[in-house]
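Could you put together the complete structure from these sequences and hints?
Those sequence lines, one after another, are chains R and X. Residues 535 to 750 (our numbering) make up the first sequence, in order. Residues 535 to 750 (our numbering) make up the second sequence, in order.
Read the hints as simulated data drawn from the structure, not as lab findings. Be aware that a few hints might be false.
[Claimed, not checked] Simulated crosslink set (SDA-like; lysine to any residue; CA at most 25 Å straight-line):
| id | chain 1 | residue 1 | chain 2 | residue 2 |
| --- | --- | --- | --- | --- |
| 1 | X | K585 | R | G668 |
| 2 | R | K684 | X | G591 |
| 3 | R | K587 | X | N679 |
| 4 | R | K676 | X | G600 |
| 5 | X | K622 | R | V598 |
| 6 | R | K585 | X | L682 |
| 7 | X | K711 | X | A656 |
| 8 | R | K723 | R | G694 |
[Said to hold, decoys possible] Here are some chain R residues the structure puts well away from chain X; computed CB gaps all over 10 Å:
| id | residue |
| --- | --- |
| 9 | Y538 |
| 10 | R567 |
| 11 | G618 |
None of these values were measured; they are calculated from a predicted model. We treat Cβ as the ideally placed atom computed from N, Cα and C, and that holds for glycine.
Number of protein chains: 2
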Amino acid sequence: MPQYKLTYFNLRGWAEPARQLFKLAHVDFEDVRLEPLKSVENGTPEWEALKPKTPFGQLPVLNVDGFDIPQSAAILRYLGRKFGYAGKTPEEEAWVDAMVDQFKDFVTPLRQLIMAQRGGNAEEIEKVQRETFGPARDNLFKILNGILEKSKSGFLVGDGVTWADLVIADIITTMEKLGVFDVTSAENKKLTDFREKVNSIPEIKEHNEQRPDSVV
Amino acid sequence: MPQYKLTYFNLRGWAEPARQLFKLAHVDFEDVRLEPLKSVENGTPEWEALKPKTPFGQLPVLNVDGFDIPQSAAILRYLGRKFGYAGKTPEEEAWVDAMVDQFKDFVTPLRQLIMAQRGGNAEEIEKVQRETFGPARDNLFKILNGILEKSKSGFLVGDGVTWADLVIADIITTMEKLGVFDVTSAENKKLTDFREKVNSIPEIKEHNEQRPDSVV
Numbered sequence: 535m536p537q538y539k540l541t542y543f544n545l546r547g548w549a550e551p552a553r554q555l556f557k558l559a560h561v562d563f564e565d566v567r568l569e570p571l572k573s574v575e576n577g578t579p580e581w582e583a584l585k586p587k588t589p590f591g592q593l594p595v596l597n598v599d600g601f602d603i604p605q606s607a608a609i610l611r612y613l614g615r616k617f618g619y620a621g622k623t624p625e626e627e628a629w630v631d632a633m634v635d636q637f638k639d640f641v642t643p644l645r646q647l648i649m650a651q652r653g654g655n656a657e658e659i660e661k662v663q664r665e666t667f668g669p670a671r672d673n674l675f676k677i678l679n680g681i682l683e684k685s686k687s688g689f690l691v692g693d694g695v696t697w698a699d700l701v702i703a704d705i706i707t708t709m710e711k712l713g714v715f716d717v718t719s720a721e722n723k724k725l726t727d728f729r730e731k732v733n734s735i736p737e738i739k740e741h742n743e744q745r746p747d748s749v750v
Numbered sequence: 535m536p537q538y539k540l541t542y543f544n545l546r547g548w549a550e551p552a553r554q555l556f557k558l559a560h561v562d563f564e565d566v567r568l569e570p571l572k573s574v575e576n577g578t579p580e581w582e583a584l585k586p587k588t589p590f591g592q593l594p595v596l597n598v599d600g601f602d603i604p605q606s607a608a609i610l611r612y613l614g615r616k617f618g619y620a621g622k623t624p625e626e627e628a629w630v631d632a633m634v635d636q637f638k639d640f641v642t643p644l645r646q647l648i649m650a651q652r653g654g655n656a657e658e659i660e661k662v663q664r665e666t667f668g669p670a671r672d673n674l675f676k677i678l679n680g681i682l683e684k685s686k687s688g689f690l691v692g693d694g695v696t697w698a699d700l701v702i703a704d705i706i707t708t709m710e711k712l713g714v715f716d717v718t719s720a721e722n723k724k725l726t727d728f729r730e731k732v733n734s735i736p737e738i739k740e741h742n743e744q745r746p747d748s749v750v
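Okay, structure coming up:
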């Protein structure tokens with residue numbers, strides 16, 4: 535079995551679905567967690583020392599027997615395929631990829647909302663919600679709800695859990711923590727049930743109960 | 535052999551590397567090209583009719599024997615793996631994925647520049663160049679130059695061309711056409727030579743000579 539080391543900040547963020555994949559597959563890994571940055575501009579001494587040694591100057595990085603893999607989706611796909619959570623056919627794999635890319639198109643508006651919330655200006659938060667975050671979320675949710683409506687398994691692709699499910703379930707939690715996903719709302723029922731289904735998988739449930747929690 | 539149909543606008547854009555992959559692999563496909571939109575808000579009747587039938591309300595879409603695959607990177611990865619241009623090991627495949635995700639992180643600033651150029655306000659263009667596009671481009675180019683410096687083959691990953699090379703070579707052309715990549719600049723030499731290497735592959739050369747050209 536290869537030696538895996540996953541390096542990220544002490545946040546869920548871009549690394550959490552990878553940590554969950556290790557747990558799902560019952561594979562040991564070294565879970566290296568750096569102190570989170572206060573902002574992109576404000577590095578910590580620990581991160582400033584590590585940064586030039588990473589392939590792209592970013593985290594997460596997965597190290598496999600000494601070989602570094604950067605970029606969160608590339609890491610997830612690599613582990614998903616190794617461990618059997620990437621789809622069962624080339625077509626299922628393409629749909630897993632497409633779901634995650636669709637989610638990634640939503641990251642810029644989500645980041646704008648997070649920045650506005652940190653800024654604390656109510657007018658700016660309202661503007662971002664109305665003009666960018668809101669429409670982007672509505673578009674993503676419409677796609678996700680349509681897919682879940684047709685799904686026989688209750689998962690996004692095929693008949694079992696994939697890394698796309700982990701990514702989407704985790705982002706629902708992030709949005710809930712940011713106050714922009716209401717789990718009691720009827721229109722969010724499908725997505726709330728979906729997250730519950732993912733988080734009820736015994737390995738995921740145990741992982742989530744034991745992990746250090748964070749807003750993002 | 536499956537029947538392939540690739541639907542996109544009559545632009546290079548997000549579909550061009552997929553068209554090049556078909557040519558590289560000598561595989562026939564139906565190259566459906568819709569009239570380009572004037573803006574995201576200004577649909578054409580043709581696109582408005584097709585849009586609700588696409589999986590995510592977006593193009594490109596690849597249809598394989600009646601099965602739709604959305605999202606450009608998912609399409610490229612699917613074809614790249616089918617045709618043998620996705621890397622030769624799981625680790626090479628992960629690096630191809632990581633290169634393209636790193637490029638995708640650059641798309642938001644690139645889009646901001648395109649929007650500013652369309653707006654035609656010189657001050658706004660200068661501001662975007664200085665604050666967002668410029669730093670993002672410098673970061674991406676630093677990564678690409680570092681990788682090309684270490685590459686023995688002259689390609690980004692492994693010893694042959696992959697779909698990541700096609701994506702990066704094409705975006706260099708787009709940046710050149712937008713006036714933000716100077717092929718005569720010494721500091722761009724590695725990237726200029728790299729693009730030339732990709733575009734000199736006989737199938738790519740023939741394809742590029744025959745294609746309808748566009749700025750993006």
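Status of the hints after comparison with the structure:
1. X:K585 with R:G668: holds, 21 Å
2. R:K684 with X:G591: holds, 17 Å
3. R:K587 with X:N679: The given pair, whose Cα atoms are some 16 Å apart, holds under the 25 Å limit.
4. R:K676 with X:G600: OK: K676 (chain R) and G600 (chain X) at ~23 Å, within 25 Å.
5. X:K622 with R:V598: holds, 17 Å
6. R:K585 with X:L682: holds, 20 Å
7. X:K711 with X:A656: Status holds; Cα separation ~18 Å.
8. R:K723 with R:G694: This hinted pair holds, its Cα atoms lying about 20 Å apart.
9. Y538: Holds, because the least Cβ-Cβ distance between Y538 (chain R) and chain X comes to about 13 Å, which exceeds 10 Å.
10. R567: holds, 21 Å
11. G618: holds, 13 Å
Comparing the model with each earlier hint shows no violations; every hint is respected.
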